Amino acid sequence: MDTLVGAESPSLSSSEESLSLHCDILADSLFDEKSLLNFFNEQEQRDFKTSVIRNILHDRNYKTLCTLGMSNFGFVSTPLRKECWFELLSRQLRVSQGSGYTTNKGCTREHRDENQVSLDVQRSFTSVTDEGRKEKLRKLLERIIVKILRRYPKLSYYQGYHDVVSVFVIVFIEGHDYDDECNFLSLSGMTSKSDDNHSNGAAEDKSNGVSSSTTDLYENETTSKIGFDEDKLLRCVEAFTLLYLRDFMMDSLDFPIDQLRLIPEFIKKNSKAFYKKLNLDKIEPFFAISSILTVFSHELKPSENEPDSLIFQIFDFVISSQSMVVPLAMYATLIMEKKDTIIEAYNANIDNFENSVDLVHGVIQQVLVPTRCAEKIWKQILEEVRSNPSREHISKYRGLVNRYSTLLTTASGQLHTSYEVEDVIKLLEKEIALNSKRKTSKAHAKLHKTNTMRTFARLFSSRSFPLICKVSIFVGMLAIFMKLYRDGSIKAMLPTLRIYLKKYQCSSFAGLYRGLNYVWLDPLHELLKNPSLPRWASKVSRSISSSKDSDF
Amino acid sequence: MSGLRTVSASAGSGKSYDSIMKILLIGDSGVGKSCLLVRFVDDKFNPSFITTIGIDFKIKTVDINGKKIKLQLWDTAGQERFRTITTAYYRGAMGIILVYDVTDERTFANIRQWFKTVNEHANDDAQLLLVGNKSDMETRTVTLEQGETLAKELGIPFVESSAKNDDNVNEIFFTLAKLIQEKIDNDKLAGGTSGKDSSININSGGSGSKSGCC
Ligand SMILES: Nc1nc2c(ncn2[C@@H]2O[C@H](COP(=O)(O)OP(=O)(O)OP(=O)(O)O)[C@@H](O)[C@H]2O)c(=O)[nH]1
Ligand SMILES: [Mg+2]
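Protein chains in written order, with UniProt numbering: chain A, 1 to 552; chain B, 1 to 214.
Don't take each hint at face value.
[Unchecked claim] With a cut-off of at most 16 Å between alpha-carbon atoms, the simulated EDC-like pairs for lysine to aspartate or glutamate come out as follows:
(1) A/277 x A/344
(2) B/183 x B/125
(3) A/442 x A/231
(4) B/70 x A/351
(5) A/439 x B/80
(6) B/178 x B/125
[To be verified] Not close to chain B: a few residues of chain A, all C-beta gaps over 12 Å, as computed:
(7) 40
(8) 44
(9) 123
(10) 299
(11) 338
Honestly, the hints are just simulated from the structure, not real lab data.
Remember, it's a predicted structure, so these values are computed and weren't measured experimentally.
Each residue gets a CB set at the ideal place from its N, CA and C atoms; glycine is no exception.
Next comes chain A alone, as it looks inside the complex (with noise of 0.2 Å):
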């Protein structure tokens, strides 16, 4: 309450006195959201919302939260973005204390994938120009990501998931130690322990009923002294690991790919043509592969000198959305939104490709790599995704995932939900079941296919089967046709083919936000509604209430 419109930092009490200022005015003319967005410059809107989440966050005010990651700016800033980030994916998985899942016991047994991650961690953080400073920022994403994996070894590694955990770590790690070489030591100090863990496996077993709490008290005491809370920022990794990318750490990337296919299913609900331009219905959509596996942030690599970096934005809206629709959304936004390049592209390109696969790969490239370093068109992504609360559900394209997947389950859209950790476990075995299920029936098809196959183009092409037994076989499957047509059962069929048929046309793009139209005036009015607000406040809120009602 008294932490209200923060009085701890100058600026933002500038910030409320050109507020109080222009107050009369926001009260008369402004009442819809843009026109109140756009009348204050950029760093008073974030400063704005920055005392907003810091009085949610106070308040514990998960829903508003939620809507305020999905609004402009995000959570704003590094700082605020690490607390809501932890406040919103704490809630959404729950971790009880004593589940088995929150110590590490039983975690020190390799996990088959060490090595991969080994090589990736290797070339991470490539941005940062400090070698130290990289050194420590590597151990640390090591470190994470093999203590995820060691706790739940059913998970596998997937090339890219070393991007997702990084933009984790780089938030984490902000504002800790860089210049502060006590704190550096001291983070190192950990980091060469929990080495030591790693390698002596075997060791740390046999006494670890006795040593464990003695580390966790280590731990905990390092962590205070340099004010990092490595827990924290673990916490956040396996929730969004279990709730978020449980699809793409199965042992094969199927269900990536058939997250992938939502993609065209959106491009062509907006545009048939351009659908069809690319092939789409033809070829795999796997030139997203790498966006979609790391949450853009192969794209956009996170750096600790660009806080403001979109990347960072993306994850407050997929984290307070609660959905890993979002990033296909945007992927499809993406290309519609560079269509004409890309039709240029395509048409300048016929004929340097071999075939329609490397073609529309090609083109796509060539088009979005520029595309990385371009914050604008970035931006410009984010809010129309922001500000596109589309009507529609995820449900349309049920049958193209599998029943378990992350996006009908607990990256949905669904907002507000919140799993157990053992719960998500189960989800985790189904999918990991039907996983293989997959992978042996697919073997099978293919063996069963090519042999069929091979027996049917045997049976037509060899001389020793005479040109008659052709002939009526021909003529028998004809017979079978027509009288299937004169019955009427084919004509029976046409209408329930056609609702097929339409139900797999009317794909439409994304829908999950079912964000309001005013993702800012919520938080604001609760903001408002304060009685210890000054004056000028409760003016502004009862203009607002006015204008809602108007509105809707």
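With chain A fixed as given, assemble chain B with the ligands onto it according to the hints.
Below, chain B with the ligands alone, put in the same frame as chain A:
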């Protein structure tokens, strides 16, 4: 009809090259595929160049026997699970570079598996090349002879390279391009009866049937 796709309409219409070759880099994660590519295309070595996720492609135009050849270079992710995705790009590759790391025996042993994958997914007439990378390292565990023996067994040419020291990197790509060009020229001399739609050849007018390079 010749299997070569000849684009006569575009002859001389501002095309800055005579033909295109699709080349693929495959091999285990971390053997240095991307580093080789970056060295070849940008002449740089970054010891922590980013991981490849899925597929990336680069283009470099080279001059071979007076012909401008546009090399279309497809770099693939090494982790096993990406194979479903990367093999979708094997089709129509005229050259495939199989890379292993001379300091890592496992990557060498896996070459046989990669070779099998190539046979399953690539065109039969794709030109292969075996590369043992990181030859600059002291800690090698795969000898030059072992590499040669394997190459002989698989019936493909072999070279050791270092992306770091820029040893044999250009050779990899030039050798492969020349071998592919030879194949194309031989096919043409033979009356273009190959019937395989595996190669794109865009001639700017002239007969261009120069044969026998190096
Ligand atoms: N000493 C030495 N190291 C090399 C050489 N080439 C690559 N490396 C190292 O090997 C690491 C991996 O190289 P990459 O080119 O990223 O490996 P890749 O084959 O592309 O791996 P994926 O993208 O995971 O499939 C690099 O980070 C370099 O440090 C080399 O010629 N000599
Ligand atoms: Mg690579």
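Going down the list of hints, with the structure as the test:
1. This hinted pair checks out: residue 277 of chain A and residue 344 of chain A have alpha carbons roughly 11 Å apart, not beyond 16 Å.
2. For a cut-off of 16 Å, the pair hint linking residue 183 of chain B to residue 125 of chain B stands: about 9 Å separates their Cα positions.
3. The hinted pair formed by residue 442 of chain A and residue 231 of chain A fails the criterion: a straight-line CA distance of about 41 Å is larger than 16 Å.
4. Distance check on the hinted pair: residue 70 of chain B and residue 351 of chain A sit about 12 Å apart at the alpha-carbon level, within 16 Å; holds.
5. Distance hint between residue 439 of chain A and residue 80 of chain B is fulfilled; the C-alpha atoms sit about 15 Å from each other, no more than 16 Å.
6. With a CA separation close to 15 Å, the supplied pair residue 178 of chain B and residue 125 of chain B stays within the 16 Å bound.
7. Residue 40 of chain A, annotated as away from the interface, keeps every beta carbon of chain B farther than 12 Å; the closest lies near 39 Å.
8. Look at residue 44 of chain A: its CB is around 38 Å from the nearest CB on chain B, clear of 12 Å, so calling it non-interface holds up.
9. Consistency note on residue 123 of chain A: stated as away from chain B, yet its beta-carbon is not over 12 Å from all of that chain's, at 5 Å minimum.
10. With a least beta-carbon separation of about 10 Å from chain B, residue 299 of chain A fails to lie farther than 12 Å from that chain, contradicting its non-interface assignment.
11. Taking the minimum C-beta to C-beta distance to chain B, about 18 Å, the non-interface status of residue 338 of chain A holds against the 12 Å cut.
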